[in-house]
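Chains A and B, in that order, give the protein sequences. Sequential numbering from 1 applies to the first sequence in our numbering. Sequential numbering from 1 applies to the second sequence in our numbering.
FYI, nobody ran anything at the bench for these hints, they're computed from the structure. Some hints could be false.
[What the hints assert, rightly or not] In silico SDA-like links for lysine to any residue, alpha-carbon gap of 25 angstroms or less:
| hint | chain 1 | residue 1 | chain 2 | residue 2 |
| --- | --- | --- | --- | --- |
| 1 | B | 76 | A | 109 |
| 2 | B | 76 | A | 232 |
| 3 | B | 76 | A | 79 |
| 4 | B | 24 | A | 4 |
| 5 | B | 76 | A | 229 |
| 6 | B | 76 | B | 35 |
| 7 | B | 76 | A | 107 |
| 8 | B | 76 | A | 153 |
| 9 | B | 24 | A | 1 |
| 10 | B | 76 | A | 155 |
| 11 | B | 76 | A | 151 |
| 12 | B | 76 | A | 108 |
| 13 | B | 76 | A | 226 |
| 14 | B | 24 | A | 11 |
| 15 | B | 76 | A | 231 |
| 16 | B | 24 | A | 3 |
| 17 | B | 76 | A | 102 |
| 18 | B | 76 | A | 103 |
| 19 | B | 76 | A | 230 |
| 20 | B | 76 | A | 157 |
[To be verified] Cβ pair distances, simulated, as ranges:
| hint | chain 1 | residue 1 | chain 2 | residue 2 | range |
| --- | --- | --- | --- | --- | --- |
| 21 | B | 76 | A | 186 | 51 to 61 angstroms |
| 22 | A | 158 | B | 71 | 14 to 24 angstroms |
| 23 | A | 186 | B | 8 | 41 to 51 angstroms |
| 24 | B | 27 | A | 15 | 27 to 37 angstroms |
Built from N, CA and C at the ideal position, the CB exists for glycine as well.
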Amino acid sequence: MVSRILAILAIIGAAAVLYPLLTGVEGFSELSDLAAVYVNQAPEEVGAQNLVTAVIVTLRGLDTLGEVAVLFIAASAVGFLMSGSGRSEKLGEEQSVPDRGPSEILQTGSALLFPLLLLFGVFVFIHGHLTPGGGFQGGVIVASGLLLLRLGQGAFPASHRTLGTVEAFSGAFYVALGILGLILAGGFLDSRILPLGEFGSLLSAGTIPVIYALIGLKVGSELTSILTLLDERKEHA
Amino acid sequence: MSVVVVGFLGILMFVAALFALYQKSLVGTVISAGAVSLLASIVYLILDAPDVAMTEAAIGSALTTMVFLYALRQMKEDQDG
Numbered sequence: 001m002v003s004r005i006l007a008i009l010a011i012i013g014a015a016a017v018l019y020p021l022l023t024g025v026e027g028f029s030e031l032s033d034l035a036a037v038y039v040n041q042a043p044e045e046v047g048a049q050n051l052v053t054a055v056i057v058t059l060r061g062l063d064t065l066g067e068v069a070v071l072f073i074a075a076s077a078v079g080f081l082m083s084g085s086g087r088s089e090k091l092g093e094e095q096s097v098p099d100r101g102p103s104e105i106l107q108t109g110s111a112l113l114f115p116l117l118l119l120f121g122v123f124v125f126i127h128g129h130l131t132p133g134g135g136f137q138g139g140v141i142v143a144s145g146l147l148l149l150r151l152g153q154g155a156f157p158a159s160h161r162t163l164g165t166v167e168a169f170s171g172a173f174y175v176a177l178g179i180l181g182l183i184l185a186g187g188f189l190d191s192r193i194l195p196l197g198e199f200g201s202l203l204s205a206g207t208i209p210v211i212y213a214l215i216g217l218k219v220g221s222e223l224t225s226i227l228t229l230l231d232e233r234k235e236h237a
Numbered sequence: 001m002s003v004v005v006v007g008f009l010g011i012l013m014f015v016a017a018l019f020a021l022y023q024k025s026l027v028g029t030v031i032s033a034g035a036v037s038l039l040a041s042i043v044y045l046i047l048d049a050p051d052v053a054m055t056e057a058a059i060g061s062a063l064t065t066m067v068f069l070y071a072l073r074q075m076k077e078d079q080d081g
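Next up, chain B with everything else stripped away, as it sits in the complex:
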């Protein structure tokens, strides 16, 4: 059972990673890279590693995504000037 769910989540992660690679807009890339991390944290949770899952969700999907979005915003402001 869990193999099926983990496999499905793995395929979703693969799709999200591809989406991040072949996405035109940078914001979309950042969001789908964050989605890869979020799906990975669900996989860790199913595999009975809640501590690792929390770390992945907090660092990989929340903080990293926000730092990238913040940096993108700064870059855009620099370019406009």
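In isolation and in its complexed conformation, chain A is listed as follows:
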């Protein structure tokens, strides 16, 4: 009882501390020095209409590479753990329960939604330099489309091996593009090795659309391959 009251007091205290942040949201009237440099120079130098993407992919490209690496390590660790536990449980349970099967609504709905989700995911990561969103968001949308298809139709459309190959190649090409930037342009992951093109058109901003497409493929296949492990583990069991 005392601990519950303390917990409620702690929540009220946290709310009281955070409340000024809510009322203080007025928008900034002027930019900080670093932000001003980004806002004023990025459109000419990077050529991306979406400033957030210009910062994420080019100006702070190394951080994004680190983020992709973190996701990769997490996916590898999950894969390692899951494939290990699958074999140890093999002896425990012999026959698998017959699948009850997805409902009519789920089957029809997933068949209808999957192409749209795939298209939307690809749209989001191809247009990362023009509109909000980008490789990570697009990749997750693709992965959730694939998972929806698994729930509705009972199988993933791609095997673990295929997904792993897609992931490996997109990651390798991403790093290769970064090294090309080091050789041909101003530094690692510099996007100006391709012409900047017309500001605001689909093929603009140098390599940003290519990099975001690669990140999208990598994130999508990575997350899906974690989920295929769940299936394969079940087949082992």
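Chain B: place on chain A using the hints.
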């Protein structure tokens, strides 16, 4: 104006989070946890952060909810056997 809307959405998030905690069925818990994320992504959108809003909507409310539902289904099948 936006403070009122954000505050209202915040209260809704709080209610959804409580609902997730004190819900009897696990499916209901997963759905209301997803609703918390969805409301959070609307808050981000109002606060002019569309990129973050998309990430939250895609990861927090779509993928996480589906992964939890998928795992629940697997658990149920394991228990039935």
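To see whether the hints hold, each was checked on the structure:
no.	hint	result
1	76/B to 109/A	holds, 23 angstroms
2	76/B to 232/A	holds, 17 angstroms
3	76/B to 79/A	holds, 22 angstroms
4	24/B to 4/A	holds, 20 angstroms
5	76/B to 229/A	holds, 18 angstroms
6	76/B to 35/B	holds, 23 angstroms
7	76/B to 107/A	holds, 20 angstroms
8	76/B to 153/A	holds, 18 angstroms
9	24/B to 1/A	holds, 22 angstroms
10	76/B to 155/A	holds, 18 angstroms
11	76/B to 151/A	holds, 14 angstroms
12	76/B to 108/A	holds, 23 angstroms
13	76/B to 226/A	holds, 20 angstroms
14	24/B to 11/A	holds, 23 angstroms
15	76/B to 231/A	holds, 14 angstroms
16	24/B to 3/A	holds, 23 angstroms
17	76/B to 102/A	holds, 14 angstroms
18	76/B to 103/A	holds, 16 angstroms
19	76/B to 230/A	holds, 14 angstroms
20	76/B to 157/A	holds, 24 angstroms
21	76/B to 186/A: 51 to 61 angstroms	holds, 55 angstroms
22	158/A to 71/B: 14 to 24 angstroms	holds, 20 angstroms
23	186/A to 8/B: 41 to 51 angstroms	holds, 47 angstroms
24	27/B to 15/A: 27 to 37 angstroms	holds, 29 angstroms
In this structure, every one of the numbered hints holds.
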